[in-house]
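Q: Sequence:
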Amino acid sequence: MPLYKVQNGRLEAVQATSFTEERVFERRDLQQLLKADISPLGDDLMVIAEEYGNWEDSKRRIDLLCLDKQARLVVVELKRTEDGGHMELQAIRYAAMVSSMTLDQAISTYAKYLGGDDAEARATKDILEFLEEDSVDDVELTKDVRIILVSADFSSELTTAVIWLNKHDLDITCVRLKPYKLGETLLIDTVQIIPLPEAADYEVKIRGKEQEAKKVQTARQEIFRRFWAQLIDRSKPKTSLLANRSTTTDHWLSAGIGRYGFSLNLTLTENRARVEIYIRNDKEPDEWNLKALEQLKSQKDSIEQAFGAPLSWEELPGRKGCRINYDQDGGWRTPEGEWTELQDRMIDGMIRFEKVLRNPIHQLKI
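Heads up, the sequence shown is in the working numbering, so the first residue is 1 and it goes up one at a time.
Any given hint could turn out to be false.
[Said to hold, decoys possible] Listed next, with one range per pair, are the computed distances between beta-carbon atoms:
#1 Ser-302 - Tyr-260: 23 to 29 Å
#2 Glu-314 - Gly-115: 27 to 33 Å
#3 Pro-335 - Ser-156: 52 to 58 Å
#4 Asp-282 - Arg-28: 27 to 33 Å
#5 Gly-116 - Ala-306: 43 to 49 Å
#6 Lys-297 - Leu-187: 42 to 48 Å
#7 Lys-69 - Ile-366: 20 to 26 Å
[Claimed, not checked] For lysine-lysine, the following DSBU-like pairs were computed, each having C-alpha atoms within a straight-line distance of at most 30 Å:
#8 Lys-365 - Lys-297
#9 Lys-69 - Lys-143
#10 Lys-112 - Lys-125
#11 Lys-320 - Lys-291
#12 Lys-178 - Lys-283
#13 Lys-143 - Lys-291
#14 Lys-283 - Lys-300
#15 Lys-297 - Lys-69
#16 Lys-178 - Lys-5
#17 Lys-35 - Lys-297
#18 Lys-283 - Lys-320
#19 Lys-5 - Lys-69
#20 Lys-69 - Lys-283
#21 Lys-5 - Lys-35
#22 Lys-125 - Lys-297
#23 Lys-283 - Lys-5
#24 Lys-35 - Lys-178
#25 Lys-69 - Lys-320
#26 Lys-181 - Lys-167
#27 Lys-125 - Lys-69
#28 Lys-297 - Lys-320
#29 Lys-35 - Lys-59
In case anyone wonders, no lab produced these hints; they're calculated from the structure.
Note that CB positions come from ideal geometry on N, CA and C, so glycine has one too.
Full structure from sequences and hints, please.
A: Here you go:
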């Protein structure tokens, strides 16, 4: 599909070119551009390594290794060719080779990428902030590895193979980078061709329903899956907040409260259970989140009186978000025989949170 510019009230096609003609190279140019800004491949990605090859008996290197918001590793493979070559086979090998990586290893990998004396501490902080977690004890990398193939174009053989692999539970995305020349300016049109963006959410939901029951990588995830399933069922006679939610293997469960940038979350750590309003609007500067918290905190006395207990109003320095939370005894180590009592307390806290904070949140002037 050509790219057009509007010129004198008419559409004029912008001249297509090639990376070869423009002397744009994979490692020297494309890789550096995406390393500096990975958002053309997705807004849920964080680059943790470049030219990663920390394994024995192989000199192979991953162009870019990323992490996504679901704590999955993401292998990014780049080609500037018009057909993509055999990059899907290469990327599958890489995905298999990193699939056993732990969170500690991912942090060490990112620390080497950052460099510096305090790299380990900065790497831990950055990854926890990206995953919106408080502690490394709350996070485990999943064993599913995503693959993103990036090329000037893809052959029909490659796209056919990727579609077939995705139907068999792999997660491969193909992104086409098409170069154009506008005067002396090089333009790059970025298009996700597999899966089609319009169908991506639907495909993820269908795949998730099929896999959720069997996709339990750890004993802890099995606890979360069963705990949240029971909590959702117990909540239905009392509230519709979780009516459209399905269980998850994450340590948190989220419900909407009717305004973008605010989520009503239930969270389990090892020995604590938390109900919270998490404030993070990624469409606004970080200061927006703190202003929202400040305006709500100006009503602290009336909100806490209506809620019936003191709340924690946390700015979370160094994090992009902030929160209001109600912390209770209990966590994922709670014996299963005591789950119902803990679930009822969390449901009650969620209902009270929604009741006392929905209107103040909707009335915020920011």
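Q: Please list, smallest to largest, the hint numbers that this structure does not respect.
A: Those not satisfied are hints 13, 17, 19, 26.
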